[in-house]
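Visitor: Sequence:
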Amino acid sequence: MEFNDLINIKLTQESGQTSQASWKFDENTSSYNNVILIDNIPVLLKVSQDNINSFSLDYEIPGVIDDSMLNKYFESKITSEVRRIFDLDYDINKFYKYLENDEKLAPSVDFCKGLRLFEAVDPFEAIIASISSSNNSIARWTNTIKDIKRIWGDEFRFPSGTYYKFPPSEVLMSAYETKEEESEADDEQRKLESYTNNLKSCGLGYRVKYVKEASELFSLEADFNEFFKMSYDEAFDEIIKIKGVGPKVADCILLYGFNFKEAFPTDVWIKRIMSYLYFNNEDVSVKRIREFGMDKFGDYAGYVQLYLFHYARKSGLMYKLKK
DNA sequence: ATGCAGGACAGAT
DNA sequence: ATCTGTCCTGCA
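FYI, numbering that gives the first Met the number 0 numbers position 194 of the first sequence as 193, with every residue one higher than the one before it.
These are computed hints drawn from the structure, not numbers from a lab.
Straight line, CA to CA, 25 Å or less: simulated BS3-like cross-link-like pairs of lysine-lysine:
(1) K199 / K23
(2) K211 / K178
(3) K112 / K45
(4) K112 / K313
(5) K313 / K93
(6) K96 / K295
(7) K242 / K178
(8) K23 / K145
(9) K313 / K96
(10) K23 / K76
(11) K45 / K71
DEER-style ranges, computed between Cβ atoms:
(12) I40 / D186: 32 to 40 Å
(13) F110 / Y205: 31 to 39 Å
(14) I51 / G204: 36 to 44 Å
(15) Y275 / R156: 43 to 51 Å
(16) V108 / K319: 13 to 21 Å
(17) K76 / Y275: 40 to 48 Å
(18) S284 / N224: 32 to 40 Å
(19) N92 / F227: 24 to 32 Å
Don't be surprised by glycine CBs; every beta carbon is placed ideally from N, CA and C.
Based on the sequences and whatever the hints tell you, model everything.
Guide: Below is the structure:
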């Protein structure tokens, strides 16, 4: 299937948005692959691109659908899910016009053309990925998410490889926290180092208990589908109650997991960039920058922070602000 | 090798 | 309301 939308798939995949780890890149087909469920049928999505104005979607399913009506219905469901995940129905050219009207923001367009929100396949994955990202590097939290999928996620074998879904909260809730705990439950005693199917070994560090608690919360009490029905303010107040979720992580969850585009996730880099652009490089607190950004950018806030971050990264501004 | 980067939290002001 | 020290790991 062809999609005629302005998007840079590679950039979108590799921009470190905390909705999920980047999809597996298949060298043979030059595609980013991931498994999703459509009507409970596992579908391997394969997304490839050689032109910024379009991309192709190929997919694999376990069996053959011989009913052409069913086939059409199935494909339309896949299409709408792909459009949702890559935020294709967002009017990005309108956003570019907005950026170009602000001299501080205008330079970002050239560096980020085609960068779109990478929305969560699974909101729970976005919650855990965002919690894992705090006080952490992109490389480390993405490895954590890949490990969690491999160890606790449902496995699906396709001709082009094995893929895993992110586990539901009920599964993650009963995961071992440490090597020691995993070892205790094992009859044949091996060396402690050989126990790697525990949360700590996924590189979560002290965030293990946050992940555990969030899993328990969404298994026993909360339903993350409720967030889709709330206003941004309601959702923010609710999500920030989770241990390990502060303002920045809350905004990441709401933006990348639930598509609240008015969120303005403010980390130290956004703080530095915004201070440089709008406050004459004064030291303005993260809290104030967040409020300023939400106020100034409104419904564009989420996209603006995404663009500012990558603009700073690629233009050398980040390097400059480091000192 | 020691030190630092990265958000949230608990405790103190 | 805002500040400080601490948490864990990977990388200079």
